[in-house]
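**Student:** Between the sequences and the hints, there should be enough to build the whole structure, so can you do that?
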Amino acid sequence: MAKPKIAIFDFACCEGCQLQIVNLEEEILSLLGGADVVEWREAMSEKSDEYDIALIEGSITRLEDEERLLLIRGRAKVLIALGACATIGGINKLKNNFDDLDEVKKCVYGRAASKPHLHTGFTKAIDEVVQVDYYVHGCPIDRKEFTYIVRSLLMGKTPEIPDFPVCVECKAKGNPCLWQYDQVCLGPIIRAGCGARCPSNGFRCFGCRGYTSNPNVDAAKDVITRYGLSVDDLKTKMVLFGSKQEPTIYE
Amino acid sequence: MCQCCAEKKDIYLPQLATVADISQMNVTEKYLRLSMDDGMFDFLPGQFVEVSIAGIGEAPITISSSPTQKGGFELVVRKIGNVSGAIHNLRKGSKLGIRGPLGKGIYPVDQAKGKNLVFICGGLGLVPQRSFINYVLDNRSEYGDVAILQGTKNYDMRLFASEIDAWSKRGDVQMLETLDEGHLAWKGHVGVVTKLIRKVQTDLKSAEILVCGPPVMYKFVLMALEEYDVPHTHIHLNLERKMKCGVGKCGHCQINSTYVCMDGPVFRYSDLATLPEAI
Amino acid sequence: MSVKKITKSDFAGFVSALIQRESVIGVQAKGDRFDFAPLESAKDLRLDYDVTLQPPKKYLLPPMEVLLTYEVGGAYQSQIDDKKFILLGVHPYDVVAINQMDELFSQDNYDAHYMTRRQNATIIACDVARSSDHVFASSMGAAVVREGYDILLTDIGDSYLMEAATAKGNELLALAKGAVEADPAALRRREDIWTHNRKSLNKHELKCDPAYLPRLLAKAYKHPVWEERAKTCFNCGSCNQVCPTCYCFNVQDDVNWDLQTGQRTRAWDGCLLEGFTKVAPNHEFRKNRADRFRHRLYRKAAYVPQKIHGQIACVGCGRCVGACLPDIANPVSVYNRLIDDLGIG
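Residue numbers (the numbering used here), protein chains in the order written: chain L, 1 to 251; chain R, 1 to 279; chain Y, 1 to 345.
The set of hints was computed from the structure by calculation and includes no laboratory data. A portion of the hints provided could be inaccurate.
[Stated by the list, open to error] BS3-like mimics (lysine-lysine), calculated; alpha carbons at most 30 Å apart, straight line: (1) L:Lys77 with Y:Lys278; (2) R:Lys92 with R:Lys70; (3) R:Lys104 with Y:Lys278; (4) L:Lys237 with Y:Lys231; (5) Y:Lys83 with R:Lys9; (6) L:Lys173 with Y:Lys278; (7) R:Lys104 with Y:Lys287; (8) L:Lys5 with R:Lys95; (9) R:Lys9 with Y:Lys58; (10) L:Lys173 with Y:Lys30; (11) R:Lys9 with Y:Lys168; (12) L:Lys221 with Y:Lys278.
**Tutor:** Put into structure tokens, the structure is as follows:
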């Protein structure tokens, strides 16, 4: 069987997820043993229009990006969204909270706001434009999970991605609950798979992997009340990765 | 087996088997005949095996052939997940792992002797039932009347059509088949399998009734049998659940207090009275 | 068997000798809490702890372990972990939990992975010196334990009492320099501690004898409490993950980069989690939150007891109470609510 051809593309993002792949170091060589990487701007100069698997990093903020993405989707047998910007829109969706994008632009870029390359619209996650076959969640992606997903696909198998909350992995690691240390941790409603990396290092879960498919809204409301917080307090904690997400737990 | 040998054995360790035969039955189902590489395999109708495809995983699959048939055992696999998908890619001579036979296989092999038997199967439900059907037909004189009711969604999804044909040609089996959807090539009954129950010539009240089909079918079959006052001790249901270990540890297949992998997958309906999660 | 008494400074020497001899897993501080971890120095041991974040279960049934390795198309190889180790400072309720797990993993089908670890483990139990915020071991009859350990330690103030219960325990006690035969006053002190603990490890008080719970649950299946509680259940499985008697697991395959060799692993699962009963293509048998919430409490006090001679599979460690963010997991408050509504008898 011929090795599948993989191409990696980036859109609006910090390219940190690609960096995670670069950081695989010797494991990249193993990856190359199972697949041919034919396009990857961050790591090589070659380009190709022929590929089986397209890895998409970043979110979509311009019409020309949508067109480019549709072209990629048309060529790829399998399309994978790589990292929070691609899977849920991520931090880029912060601007979707504002009605007037010109104001947002002026606030961020000042006098440079009118430059043509800054002409962007509302942020879309990849699956708001094209069909996504697999998701590699997180900001940045988890290297272990990424390699597991790639190996699974090379074996012709659907990877098993958790649909349970971060708490599962957090408790299994023997962490105390950060709510007991006055942190508004989003773990109970956010998809696991990261190994509870942030809470294990004393930081609350910011929600970069997106919500589980069925988060309990009533439970969240109950808990914030119990801890003397308001819905707005929770909202400010969720805005970083949870802006304009469905389902949102504060609507 | 003595205790020390039992302790050395790893209950999670599959034994190698070889695909002796594999063929496509219809769009979604594949038929496989397997033989254990160490040759050892004794089982009862209703028992299942955990099939291992290295690198993909394990899935529980009920044995479809009768223990009276020598030369390996048969499985029918619908392509629905990772493991079943990988099984579909196997070829004659491929190696795979097998754990088992597992489960009680409590089709009433002995209790049913001398009794009339009615098999009610929906879709894939024929696959596990076929083990006991052929067991009974191979020991035909030991049982009373035999009726087989098979309901299938449509013409293209019929399984073991030639075997069903052979059963219906025997003088000693009442074979009733129906399709949910009609078809130009189909001359038989159209409608759900429960409609066939009233056509059974055997006295249902005294018969052992064996039911296997999708979860939704059980409610309707049980309702229909209720009309005939069939004692619940005479009804046997084959229940499907998610299963990982197959040996009573992992907890996935639990129905209230009962483990399907240990006490099933075939249950006497009367035993399910205390298990509200069963049906 | 005889009971030894050892001063605290000699005890530290004993612990150092244990560390010299084999791998010791002991209770240590983790921030302002406690947990079991590999013990490198006797001074890190904290037998004055209240409760550990995780029960010692994880050293017998690790959160993730390799069961088998394989080669695609080839034979499977069992991977059995057979290193010897000492679990130091196990509270009585956790000893009871381990005793139950031993029974569950050895009955019917013998689980060589768990049981080999168990046989390689030496358990040095330790009576509770300080009760945790949510312990209710007294209610569950697990505040004091007299079997299932190799050595039992009791802090009697200036010294420890050490009682070996097995040959393995006796062998280790021989390493305890300075240990003397316990005097009657010290033994009385220990009796007093047991009497005290049998009553006082009870921050949540069950209103019935635990032996009554299966009969209570037999009439509570349709009680509204399941829906009421589960309304605010995150299904995060925190209660499962910190429980010393939860042992459900998932099994998964992964391959190495050669795509030819790989391993089959098992990892803790939880009956509260969505998808726990889901089969392909898309049918979930225990789909409602309330049904999953009920299942856990039935498992503890109705289903698992049938497998372990009627023992209740909740030992009152209280970890689930502390781990549940919406505060619905407390088994005592659920069972008491049922008693209030349905009565006893």
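**Student:** All hints, please: hold or fail.
**Tutor:** Against the structure, the hints:
Note on Lys77 (chain L) and Lys278 (chain Y): the hinted pairing holds, with a Cα-Cα distance of about 28 Å set against a maximum of 30 Å. A threshold of 30 Å between alpha carbons decides the hint, and for Lys92 (chain R) with Lys70 (chain R) the separation of about 18 Å falls inside it, so the pair holds. Among the hinted pairs, Lys104 (chain R) with Lys278 (chain Y) is consistent with the structure: their alpha-carbon atoms are about 23 Å apart, no more than 30 Å. Straight-line distance between C-alpha atoms of Lys237 (chain L) and Lys231 (chain Y) comes to about 23 Å, which keeps the hinted pair within the 30 Å bound.
A C-alpha spacing of about 19 Å is found between Lys83 (chain Y) and Lys9 (chain R), which places the hinted pair at or below 30 Å, so the restraint holds. About 25 Å separates the Cα atoms of Lys173 (chain L) and Lys278 (chain Y), which keeps this hinted pair within 30 Å; it holds. For the suggested pair Lys104 (chain R) and Lys287 (chain Y), the alpha carbons sit about 27 Å apart, so the restraint of at most 30 Å is met. Using a Cα cut-off of 30 Å, the hinted pair Lys5 (chain L) and Lys95 (chain R) holds, with the two alpha carbons roughly 29 Å apart.
At most 30 Å may separate the alpha-carbon atoms for a hinted pair to count; Lys9 (chain R) and Lys58 (chain Y) meet this at roughly 23 Å. Straight-line distance between C-alpha atoms of Lys173 (chain L) and Lys30 (chain Y) comes to about 12 Å, which keeps the hinted pair within the 30 Å bound. Restraint check for Lys9 (chain R) and Lys168 (chain Y): satisfied, since their Cα atoms lie roughly 26 Å apart, inside the 30 Å limit. Restraint check: the Cα-Cα separation between Lys221 (chain L) and Lys278 (chain Y) comes to about 28 Å, which is no more than 30 Å; the hinted pair holds.
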